[in-house]
Each structure stands twice: as structure tokens, then as C-alpha cells.
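Peer 1: Chains as they are written, first to last, in this note's numbering: chain G, 0 to 313; chain F, 3 to 376.
For the record, the hints were derived by calculation from the structure and aren't laboratory data.
Note that beta-carbon positions come from the ideal geometry of N, C-alpha and C, so glycine has one too.
Heads up, a few of these hints could be off.
Short, incomplete list of chain F residues facing chain G, as computed with Cβ under 10 Å [to be verified]:
1) Ala23
2) Gly24
3) Gly25
4) Val26
5) Leu126
6) Leu204
7) Phe217
8) Asn262
9) Asp294
10) His298
11) Leu302
12) Thr310
13) Gly315
14) Arg329
15) Glu342
16) Leu344
Label pairs and their calculated CB-CB ranges [to be verified]:
17) G/Gln242 with F/Ala268: 51 to 59 Å
18) F/Pro109 with G/Arg178: 35 to 43 Å
19) G/Gly58 with F/Pro74: 50 to 58 Å
20) F/Ala247 with G/Glu290: 51 to 59 Å
21) G/Glu290 with F/Arg339: 16 to 24 Å
22) F/Thr7 with G/Arg175: 56 to 64 Å
23) F/Gly226 with G/Gln215: 47 to 55 Å
24) F/Leu264 with G/Arg105: 32 to 40 Å
25) F/Pro84 with G/Arg269: 32 to 40 Å
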Amino acid sequence: MLGALWDKRALLVSGKGGVGKTTLAAALAVAAARAGHSVLLVEMAPDEGGPSALGTLVGAKDTGSQVTQVRPGLRFVRLAASEGHRNFLQDTLPLRWLADAALRSRALRRFLEAGPALREMGLLYQLLALVRRTLPDGRFEYPLSIIDLPATGHALAIASLPRTVLALMPGGPIGRSVREGLDFLQDPARTAVLLASLPEPLPVSEALTLASELEQLGLPLAAAVLNRMPEDPFTPESHAALQRLLAAHGPHQGTRALGRLERARTAHARLAAGLRVPLLTLPELPTSGAELVERLADVFTSPTAGDVAREATP
Amino acid sequence: MSALTMHRLLRDKRVLVLCGAGGVGKTTTAAALGVAAARAGRRVLVLTIDPARRLAEAMGLPENGPEPTTVPTERLFADGAPGPGRLDVWMLEPGVVFERMIHRLAPSPEAARAILEHRIYRFLSELVAGVQEYAATEALDGFLHDDRYELIVLDTPPSRHALDFLDAPGRLSRFLDERIVSLFGPEEPARGARLWKGAQVLVGRVLDGVFGAGFTREMRGFVGAFGGLLGGIRLHTERLRARLASPEAAFLLVTSPESNALREAAFFRDTLVERGLPFAGYVLNRSWARDDALAHPEALLEYVGEDTHAEHGVAALSRLAATEHARAESHRALLARLTEQLPTGAIAVAAPDAGAELEEFSGLVRLGDALAVG
Numbered sequence: 000m001l002g003a004l005w006d007k008r009a010l011l012v013s014g015k016g017g018v019g020k021t022t023l024a025a026a027l028a029v030a031a032a033r034a035g036h037s038v039l040l041v042e043m044a045p046d047e048g049g050p051s052a053l054g055t056l057v058g059a060k061d062t063g064s065q066v067t068q069v070r071p072g073l074r075f076v077r078l079a080a081s082e083g084h085r086n087f088l089q090d091t092l093p094l095r096w097l098a099d100a101a102l103r104s105r106a107l108r109r110f111l112e113a114g115p116a117l118r119e120m121g122l123l124y125q126l127l128a129l130v131r132r133t134l135p136d137g138r139f140e141y142p143l144s145i146i147d148l149p150a151t152g153h154a155l156a157i158a159s160l161p162r163t164v165l166a167l168m169p170g171g172p173i174g175r176s177v178r179e180g181l182d183f184l185q186d187p188a189r190t191a192v193l194l195a196s197l198p199e200p201l202p203v204s205e206a207l208t209l210a211s212e213l214e215q216l217g218l219p220l221a222a223a224v225l226n227r228m229p230e231d232p233f234t235p236e237s238h239a240a241l242q243r244l245l246a247a248h249g250p251h252q253g254t255r256a257l258g259r260l261e262r263a264r265t266a267h268a269r270l271a272a273g274l275r276v277p278l279l280t281l282p283e284l285p286t287s288g289a290e291l292v293e294r295l296a297d298v299f300t301s302p303t304a305g306d307v308a309r310e311a312t313p
Numbered sequence: 003m004s005a006l007t008m009h010r011l012l013r014d015k016r017v018l019v020l021c022g023a024g025g026v027g028k029t030t031t032a033a034a035l036g037v038a039a040a041r042a043g044r045r046v047l048v049l050t051i052d053p054a055r056r057l058a059e060a061m062g063l064p065e066n067g068p069e070p071t072t073v074p075t076e077r078l079f080a081d082g083a084p085g086p087g088r089l090d091v092w093m094l095e096p097g098v099v100f101e102r103m104i105h106r107l108a109p110s111p112e113a114a115r116a117i118l119e120h121r122i123y124r125f126l127s128e129l130v131a132g133v134q135e136y137a138a139t140e141a142l143d144g145f146l147h148d149d150r151y152e153l154i155v156l157d158t159p160p161s162r163h164a165l166d167f168l169d170a171p172g173r174l175s176r177f178l179d180e181r182i183v184s185l186f187g188p189e190e191p192a193r194g195a196r197l198w199k200g201a202q203v204l205v206g207r208v209l210d211g212v213f214g215a216g217f218t219r220e221m222r223g224f225v226g227a228f229g230g231l232l233g234g235i236r237l238h239t240e241r242l243r244a245r246l247a248s249p250e251a252a253f254l255l256v257t258s259p260e261s262n263a264l265r266e267a268a269f270f271r272d273t274l275v276e277r278g279l280p281f282a283g284y285v286l287n288r289s290w291a292r293d294d295a296l297a298h299p300e301a302l303l304e305y306v307g308e309d310t311h312a313e314h315g316v317a318a319l320s321r322l323a324a325t326e327h328a329r330a331e332s333h334r335a336l337l338a339r340l341t342e343q344l345p346t347g348a349i350a351v352a353a354p355d356a357g358a359e360l361e362e363f364s365g366l367v368r369l370g371d372a373l374a375v376g
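Working from the sequences, and respecting the hints, build out all of it.
Peer 2: If you want it as C-alpha cells, here you go:
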């Protein structure tokens, strides 16, 4: 399954806040780079201030809006809406002096950055510019981009943005560039969307909602990833036997973890049944940060990763 | 010590503002605190903007309505004699609040209609960040003048950063500030200075070139209609800020007991202090820090007998107990470090991991009691 993903031009990692989406994007990028692909890991945070969580995970030192090499085969960039707006104005306005005048206008810049629609238009514009960039020999400079989508209340902001903007300003060049972005995002040959979730009741409900919203938006959902699945030390028989013991002798230590495990199993089954795409389950690992990224990348690059995914295909 | 203080917050404050990143269980915490305060005898309003359907079901409330709904007394006091307290909840609809505000601030009903029926109005929350947050502060301001409530618990909209909520209203009033208004300002100058006219023509060409002529025209119409309300909005924002900075308000950070909680907590505290807002402390949510004082699974071995499955089951539970222990230890360590760094008068409370039980009102009661008492 992963092999097929590496052939895309863009992998969008989506999911609600708190499900480990950023770590997942970083681990995918590390795994793809280890498999010999040239990867651009992209942070698409709507706010430009503060340290970059994604950049820190892969050890990117400079987190400006320039593409930086972090290890062989892996580069990182943090998209900035303002950069996208600048390029957009330069590309759009026919006359140099007009573009300069526009760039000098603080009011215009403020307006472009005031709300989600135009801010994310800037991000999308910047992303497309990077994806299209070619080398002198005609090959793509960044053949595979892995994108950590912003975790706002609406995880689909960037994906539903094109429609909003088209409804708002269908005529102008913004509408045109956004339509091109939409064509790219909806093309299953070039784009794949991954949906991250956690094995808990609420995140699974949210993931299922998100999956159907993705479908409505025409975005190609390729797989779901269930993050932090707790280890299951039972056989079906030993689980049943233990339940009998606990029923007879009351709760013991470990009951909370057992309850959590049972919730996780139910959540996993519900997610697998509700999706029409492969479900990849990642173990809960007792580590965090950059080390967790490497460990998860191990899971992705292990020869059995593909089997797990195939088994879970409904 | 800290238990007493959470109890005191619920007893003495007028506003509790709950901040936190998305997915940490902020809405549930807000509801549980509201339940605890109401059961302790206060008239409470929980104001939330999260479309948390299951929570609404647990409280027996409609998902969205034009007004707060009262939790029935028999539900609030299901386990004993009813007290004087009352609990209202409003899952507020930003659109409804915003529309009311426009009716109130507009100079005439016609002016209000001109805004509300404008095509751009429907896209306002796309064009400017912070509409939801502004609607929440607007609603809060309204209820602070309403003596039906002694305590308002505000569950802030989900965001990436806990403090987005504080910046949002400012963002909204800045959006339509003089500069942007002048950008899309009326085409006819007040005095026909030629230079000004020349500049306007240039701006017009740029805007048409960027947004298309249709949108620019529409924006001009909208800004013309909306611009007059700005003074009112700004005044409101400032008044509310003053209320939130007063000692009758308290800000709590709801956070999950993950590794980045400490950093987030320190950032939250510093930012509040910097802005002169009353920092009250942390709720460490879904925490396993509390000790159950249960027996170790090995105690079950004496009942296992010859059943190898049961023996395996007990061994498996022992492994889970070890995981559980490690998790509880790390949550306890986190709580201890948070407590160490607390300024005087602030609290750090661990909320137990309630699992799936919050689908029932009794779960909220238990969580509220745990937060307030122990």
C-alpha cells in the first residue's frame, strides 16, 4: 500500500486536532526518504508565528519559509500565506509597477491575511508553485510532497476552501488559481489523502464524518491510519476467562488499562467497518518527539506494514 | 489545598473562561464544572460553541437553539433533594448572535437588513478570522448584564493554540479597520482632490486585477454598509476586556497530560499575565494520576486453578497493570511539576479519565464532584 502512495505527487495528512497528525506526517516523510524517494515535508499551519512543531520533529533548524534540507532525500518547508500572496500578485498583475504598488499596500496585505479563505488561498498557491517546480532536465524538483494539513476546528478548511473562494469571487484570477488547485487536489493520480484517528469513541466518530466530507468534496481518500493502538496481551479465551474472574472478585489494578483497551478494540472495529479504504494500525509506543517519528517510520518501512493494511481492507 | 481553591472558584467567580487546544475535552470540563457549581447552589450558565452532540444528549438539551436551555431540576439533583442552584446551557450559534448584534448596532432596521442580506455577509467568517470567537464574547457580554446568572462558564471555540480566543475579537475589529475600509471605501471622494482620485483609480485597478471587478464592487457595497458598526464593535470588545481583566473572572487552561503540556501551560500563564488577565490555573484532563488503591492482579492467581486461559488472562492483566502504573506515574509527575511552577493562588487539578461514561448526565456529576472536591 505504501509503495503506491510514494508514487503520488502529494500526500495530504488530515485529521482532527490531537490525533498525532503532525507526528504521522513526519514519520511518513522519513519512511519515504528511507525508501529512496525525494520528499518534501510541508507544514501548512495557518498561523505563521511561533516555533514549527513539524520542523522540530525532523530536526529542521531553519524554519523560515525557505525549503531546507534536513537529511538525504528529505527537505522541509513551512508555507507562509504572505509568500503565496506575493507570488500571486507578481504572477497575476500584468504590469510590474502595478504589482509593486499592490505589494506596497499594507491595507491589501492585511485584507489578504485577515480571514481563512484568502490566507489559505495563499498557502495553496505556494504549495502548487512548489509542486510544479522543475529542474533544468525537466524532472520535478519535489516529486513527492507530504503535507501536514492545519488542525483547526474544520480539518478540511484547505480542502473546502476552493469551493468557498469560487462562490465568493468566481471571476477573477483568484478564482482561476484556486480552480487549478482544486483540479490538482481532486486528481487521484496525483493526490492521496490520509485520514488519521485515535482508537477512542469520539475521534472515530469524527474520522468517519471527515471521511464522508472528503468524499463530498471529491478528494481522493486513500487510506486511514489508526494511531496509538494499545498493545493487546490477550487471546480471546484468556480475555473471557479474565472477565469471569473480575466479575467474581471485583476490579484489580490494570482495570483502567483494560477498559481503555476494550474501548480501543470497539473503536478500531467501528472505523474499519465504516471506511471503504485500507486501515493501517500503528502501535502505541512509549516515546515521543523525534524518537517516536523514527520508530513509526520503522513500522512503515517494515515488510509487514503492507500486509497489515491489506488484512484490514474490507 | 488545590481542591479547596477550585471549590472557591466555582463559589466566588462570575466568569470562568476555559481555554485549551482542540481535542482536550474542554467542553466536557466546562459542563462538569457548571454542573458542580449549580449543584452547590449557584445559578449557572454554561456557554459553549462546540457542536458536541453527545454532550448535548447527555444533558438532555437541543443541539442549537436561539436561547439557553435549563437542565431539568430532577436531572440536576437526581440523587437527592433539589437545591437552590440552576443550570442553563447554551450551545450558541454564532450566526444567531452575530445577527442580533447587527440589529442592535445598526442605525436603522433597514441598515441592518442591508448588511444581513448582502451576499458578502454569508462569507464573513471566511473573509475574517475570529467571527466565532467574537460571537462568544458578544454573548458573554450580554449575559454578564443579565442577573439571571451568578456564574458563567465559557467554553472557548476549539483552536490550535489555547489563546487564539483572546486575539480573535481584536482580529475582527482590525479587519474592518480604517485601512481596509479605505481600500474598499466609497469611490466618490469627499473633496475632489485630483491626487486622491488618481490613487483611488490605481487601487481600483489593482483590486480588479486581483479579485475581479465583480467582487471589488460587492466588497465596496458591503464595507459601506458594515463600516458604521465598527465603533460599536470596538467599544464592546474593550468593555468586555475590562470585565475579563477584573478579579471576578478567572481563566483556566484545560490540557491533556501529554509531554507538551508543560510547555503549553507555561506559555498560557505567561501570556495571560502579560495581558493583565487573571490566571487561575490548570485542569489536567483525562488524567490517571489518582490512585485507585486496588489489589494487584496476582491476587487473582489463587482462583485460577488448572485453567490455563485464566492464568494467561491474569498474566495479561498484570502487563496492563504495569502499563497503567507507568502512565499514572508520568501523569503524577506532570501534575507535580505543574503544581511546583504555580503562582500563588493558582491551582492545578487532575480530572479523572472518565472513559465513555460521559454519555450520561451522572458521569458529568461525578466528574464535576471530582474536580471541585478532590
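Peer 1: Which of the numbered hints are not met once you compare them with the structure shown?
Peer 2: Per hint list: 15, 16, 17, 20, 23 violated.
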